[in-house]
Amino acid sequence: MPKEQIINPTEVRKGQMLQIDPIPVNQYKPDIKKERKTWGDERLLRAYYDMATIRLFETMLNTIKMTGEWEGISYNHAGPAHLSIGQESAAVGLAMDLEVDDFIFGSHRSHGEILAKCYAAIPRLDEKALQKVMETYLDGDTLRVVESAGKNSDIKDLAETFVLYGTLAEIFARNAGFNRGLGGSMHAFFAPFGSMPNNAIVGGSGDIAVGAALYKRINRKPGVVIANIGDASAGCGPVWEGMMLAAMDQYRTLWPKDVGGAPPVIFNFLNNFYGMGGQTMGETMGYNILARIGAGVNQENMHAERVDGYNPLAVADAISRKKAILREGRGPVLMDTITYRISGHSPSDASSYRTKEEVDLWRNSDAIASYRGYLLENQVTDEATLDAMDAKVLEKLILATSLAVDLEKSPRMDGEKISSYMFSNAKVEALDDREPEVLMPLEENPRVKQLKTKERFGIDAEGKPVSKMKAYQLRDGLFEAMIHRFYKDPTMVAYGEENRDWGGAFAVYRGLTESLPYHRLFNSSISEGAIVGSGVGYALAGGRAVVELMYNDFMGRAGDEIFNQMAKWQSMSAGVLKMPLVLRVSVGSKYGAQHSQDWSSITAHIPGLKVYFPATPYDAKGMLNLALAGTDPVVFFESQRLYDIAELFHTDGVPEGYYEIPEGMPDVKRAGTDLTIVTIGATLYRALEAADELQKTHGLSAEVIDARFINPLDLEPILESVRKTGRLLLASDAVERGSFLHDIASTVTQLAFDYLDAPPVVVGSRNWITPASEMEDSFFPGMSWFIDAIHEKILPLKGYNPVTVQTNVELIKRYREGV
Amino acid sequence: MAETVLVPQQGNSVESVILLKWHKAAGDTVAAGEILCEVETDKTTMEVESTASGTILKLLAAEGDEVPVKTGLVIVGEAGETVPEETDTSPPEPPAPAVSAPAAITRSAPTVENTAPAAATNPASAGAASPRARMRATAKDVDLAVLAGKGTGPDGRILERDVMDLPSRAGSSAAVTATASTSTPTAAAAQSPIREIPVRGVRKVIAERMRASLAATAQLTIHGSADARALQALRSRFKSAGVALGMEKITINDMVLFALARTLPDFPEVNAHFQETVIRQYTTVDLSFAVDTEKGLLVPTIRDAHTLSLLQISERARTLAMRCMDGQATADDLAMGTCTLTNLGSFGVEYFTPVLNPPQVAILGVNTITLKAIQGKDGAVEHVPHIGLSLTIDHQAVDGAPAARFLQELSRRIANLDMLVAR
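For the protein sequence lines, the chains are A and B, in the order given. Per my numbering, residue 36 is the first one in the first sequence, and the count goes up by one each step. Per my numbering, residue 299 is the first one in the second sequence, and the count goes up by one each step.
Next up, chain B with everything else stripped away, as it sits in the complex:
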């Protein structure tokens, strides 16, 4: 009896996937749990495992096709078995509503109810490395972060063999930069003055989202700045003296994330979702932040950011960013947050108007640090470094004054970040 393997549901917001690459062809044998193909969702790239065993009778999609979730991908049966003319590849249940109203924040914790043995994964340990792998990495002077999400062990655990396959750090700069760098025009691309790039996958989603955002919201951006001396002082102390505490990697962006996460609960009007008939304000903070990847903009979310220490936020942000850049972010990593931070400061940008990430009602843009002339108490002017902040709000939900009050308080807290850390 032929069986249809469906495109699995990947999180609530994913409606379809782009089929990137087949790993199997018609006529191949396949076992349940074996990888059929690679697909791209709006958020990440993933492998689809077969849920049936047997011979692949028919592929129901071609590379590059967009395939809705829970529809047929392949038909598996016994070799020689004929495929029914009208194979019903429609989903067994009506598809989930396109807009999962009201979009409460979904928290799909892995559940043990899932008893499909081969598919049972434990995202919590994705990126975990075995003690032996860690020992080996130290011996080889290899940074395990390079292998994040690439472990070949159970649940993606990084095993000794994964480390063994890596060149040591001395000879690995190429590998490391390859993952970290953005794409540069290749020689081949330079030959043609025009390069056509099909709009699909992440790019397609970005395009749709941005347009929808501008079309459906009333965006207003206000600009301010915060005294950055505390940030800079802390940053330099983390760099010089934070190694022992594992804090040397805390960046200025992490500190602004922290200040934002600690300020939003006091301003629920900007920590909110606007959904036509209802404004949903949150007292907890799931903080999204923009990550620049080869494929385009991705927005992962730090859950419960208001409960995390600065160090935890920093580590979490770094892990999430790494996974986004490696194309290994899960649907869960990319779930909708309550507010977003985007930072162009490293490129020297002084002001910009960030585009909202609906249904969120606020997005904070972080700019570069510039010297600002301040008149001191004695009347003398001194130049104090300030970090620019550009806050876009949805005026449908938030008025200008409360937004300004929020930005003022945020600036104050950033200026006193060393004290906020203690709060």
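This is chain A alone, in the form it adopts within the complex:
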């Protein structure tokens, strides 16, 4: 809601007819003279070579899947093989005019795109650069296997074998595969040549690519980004969200002009007319011609057009024209590149959803045969040259396949090593060495100045609490961590819902707008999936992103992006990619069932995510500092109950300078001897009240520990406490069923069994919807729940009468009833 723009009723209420510009469909006109001039004969011939390579590669995989043997090489491939026989021309045409810096992201059916993009990059790199890439990639492991078959002084030729082998070894899950076998057929990629992650979730690249394009635009990096996604992904929310995010007006209206406009992204729908067996034209979609949907996104129809993907030169021509549009900052672009998958969805596909006649019609217009005919007919080359190419392709693929199936030359990774790829655990002060773009010196920032007047410890000399207005609050800690890193790391951006002028829904970012240009801090469309997905793309492209979803309840909208993308790309890439992405979410209250949940346990369940949840200003600042210096994806939970809380533990107050909390380390907020209470989030303060009550009324000394971290978590301080007290109560605002606290409870039981005087007991919210604010006492754990649970299950308190029902009988009943 920028103030510089006005929504004028006279304007928006005016009667008019919306005019939509025509959308070109298959408008390419072959012109061999022009084509020879544009591309040169060598490139035209290489297009044939590249297509033949892909065809043979996919045919080989198909044959191995179906018969267990190809060209005398026996192999049983257990994993997936989603082949693109028939789609080679679309992949090769796409890559013809792409530079090494241009990125393509793909789908589960992207073997052809990997080969086409890498083969297009090889001639663009000089031998030295090629050699360096191969020698350093995975410490040279891939190159060593290729070279074991004999030295090859022709570096470009070697690089082709390297690409064939690296891709195939990845498909066969070998340690020397491009991602050490951790990605496999559907996720293989080779970043040094601009082939970026391929995604097994339909449309998964639709928002990640936008993030990578944002990275290029914001950091003024060369190149465009292409999301190669299927026609059926036009039905996926994240793809639409990606398009909405890519098409925001602000890039051209509000961002500094010199940034260059909209993120350079092409949504290239490789339209083979089927989503598995669902026919998108005529059955499962309603667009008839996919290019039409560009008209639904912006006034420029996303520069959409339908391109004949059966002619590689039509695709190459379209890409060249679209790149020019993107360079001018006028993206995003939509391409409806028609193609056809002759092979099944996978080798198990019996093609029951289409007729043989239909497949034959396409087979008879086969793109490779047509292109070969086109070259011969126009005397660009002769049969012998093309036959020699075919022979070379076969020879190279036999070599690559022999190497890739050989378990001695290409062993698999020791499974235990996977754990070393789950996190990168690096510390990086800045991800680029440019000066960060800011609008004023840090010390002149109005909020920085204002915070100088605040009391950084929440209790005054007389032991009284400092007033909210005077106190340095938890939200101030978060702000200080954010602005610190903004002034250090030029790549750092923050965006999400209401991030800029509003200052974040909870005033964490107030004051950032004054310091940061638009392209480093901006409001996004309400596209939770794409907010996180683009953050993933931004981070894996090399930048640091902090994205915000306001309420953690909205994580459901971004489920795939958090659980399958943010969490997995570091390990699926075997550490080739880093994920310096912080996802800020807050736990609400008072706002009912869809705005008051604590979903930290859900994120805890997903391998690959770090999960932090501070509850004090000191921890909030130190933990966000930690997250913003790391290279791992962090889901950063905050509690809306605590944004205004003052620091009550560190008597020296929250330091003005920079510091980090040691990762995974729980903090003893109050020492005690009789009972340990471990909390996550805002229940810390209720636990302290309970500790007061236990001390005052029952003479029991409770040790209160704030876990602070959910993953990773160092259990030792908790164990040490439990060994001392023998009793453990755990509490959070997450609903009791499936709460991560049960994990801690059962693990502590395993590790400190002999020290326990009672089983650890978990107190969580009820397994209900969060009711209205006025009824929340029946839902969220209150102080008396702690005492009652202790009395009923751990240590009966003399003369105490429970006020809530915390008995085991009740527990059994709740389980039985499922509530």
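Because the hints were derived from the structure by calculation, they are not lab data. Glycine is no exception: its CB is placed at the ideal position from the N, C-alpha and C atoms. Treat the hints with care, since some could be wrong.
As the list claims (entries may be wrong) - Computed Cβ-Cβ distance ranges for the label pairs, DEER-style:
hint, chain 1, residue 1, chain 2, residue 2, range
1, A, H777, B, P465, 38 to 44 Å
2, A, S813, B, T582, 47 to 53 Å
3, B, K438, A, H777, 28 to 34 Å
4, A, E728, B, K438, 29 to 35 Å
5, A, A496, B, K438, 43 to 49 Å
6, B, K438, A, D687, 39 to 45 Å
7, A, E724, B, P465, 33 to 39 Å
Said to hold, decoys possible - Only pairs whose alpha carbons sit at most 25 Å apart, straight line, appear in this in silico PhoX-like list of lysine-lysine:
hint, chain 1, residue 1, chain 2, residue 2
8, B, K547, B, K448
9, A, K191, A, K167
10, A, K444, A, K167
11, B, K438, A, K759
12, A, K431, A, K444
13, A, K462, A, K444
14, A, K833, B, K448
15, A, K431, A, K452
16, B, K438, B, K547
17, A, K484, A, K523
18, B, K547, A, K833
19, B, K322, A, K833
Chain A is fixed; fit chain B onto it per the hints.
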């Protein structure tokens, strides 16, 4: 609105309780779940918790009174509230029939249907000790058995604090013997030549039962003996070599219990209840046994004894006996069995006539071990230790010959106990 707290039903056979001690007085405030008073049933002593919260307006019984179950104990209401003149303290439902005919063996497993939160107890864990309590007990050299049934944790779990409150074993012999020893005349009692003891509680029940037993049954006792060499050999091996297997505490009585439990299923006529119009024979064995306690005779029951190993029987018997002696036996512990064993052998008794525990039709008395002269195959006489067995049957249900056949087979099995264990 005033509310009457009733004496809770405690098992099917309990009809009334003796109020031993009030923990609250009129005018006190009480919360649901708080202890109102201590009562004694025919089988055990227990605490009664309040089911209402408020101020106690009136106590409806005095200490020493016998109060029928499901009748009023106290009236609880708001302070100052007047008690209705004619408070209906009668049970809300007609009382259960005095004789719960036909007395099938009741198995009142704790049920989760019971949702009264504070009263929800889990007898299964009564006597269980927390790992920390066990660790502490080891460190302090305290025998946790001393605390059986005295845990202050949820469901009676023995907690660390319970162990901490105990003196260590070195200084604890007094405490231990106090629980185990029978009463001895005190100095005060010695001053008066006559001591009057009101007949109530357990004593009253014993009196009634014994009289009823003799009045209503046709008792016949037959005597026999069994070669005790196997028993003695096993006993000495358990003592010396059984420690590693936790078997060092298996007694001769346990072995006879075991033999009895394994023999009864083959003689359903003695493993039976006689109930006027019907004889109910059992193929399963719930074996009762007599325990001498400070308050008198108690008869706990080992459920499904025929399915238990010797070690299990031994442990079960020891636990039950301990609870009886501590006054902590539950109604369930004291449920009616299918047959009973009583042992006076440790006192050197050679023969006696055990009194039946109706409606059971048999009770086995176990006597001391004596040497019996046996003529061997070669005609020479040797002295073989024998354990005396006195079997009383109810001739209404069982005739002499089948009883004798049973006793003969039991003797044979006891003589070959080492083999029976393997069966």
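Each hint, compared with the structure:
| no. | hint | result |
| --- | --- | --- |
| 1 | A/H777 x B/P465: 38 to 44 Å | 39 Å, holds |
| 2 | A/S813 x B/T582: 47 to 53 Å | 48 Å, holds |
| 3 | B/K438 x A/H777: 28 to 34 Å | 33 Å, holds |
| 4 | A/E728 x B/K438: 29 to 35 Å | 31 Å, holds |
| 5 | A/A496 x B/K438: 43 to 49 Å | 47 Å, holds |
| 6 | B/K438 x A/D687: 39 to 45 Å | 44 Å, holds |
| 7 | A/E724 x B/P465: 33 to 39 Å | 38 Å, holds |
| 8 | B/K547 x B/K448 | 22 Å, holds |
| 9 | A/K191 x A/K167 | 12 Å, holds |
| 10 | A/K444 x A/K167 | 22 Å, holds |
| 11 | B/K438 x A/K759 | 17 Å, holds |
| 12 | A/K431 x A/K444 | 17 Å, holds |
| 13 | A/K462 x A/K444 | 35 Å, violated |
| 14 | A/K833 x B/K448 | 15 Å, holds |
| 15 | A/K431 x A/K452 | 31 Å, violated |
| 16 | B/K438 x B/K547 | 22 Å, holds |
| 17 | A/K484 x A/K523 | 19 Å, holds |
| 18 | B/K547 x A/K833 | 37 Å, violated |
| 19 | B/K322 x A/K833 | 15 Å, holds |
Consistency note: the structure conflicts with the earlier hints numbered 13, 15 and 18.
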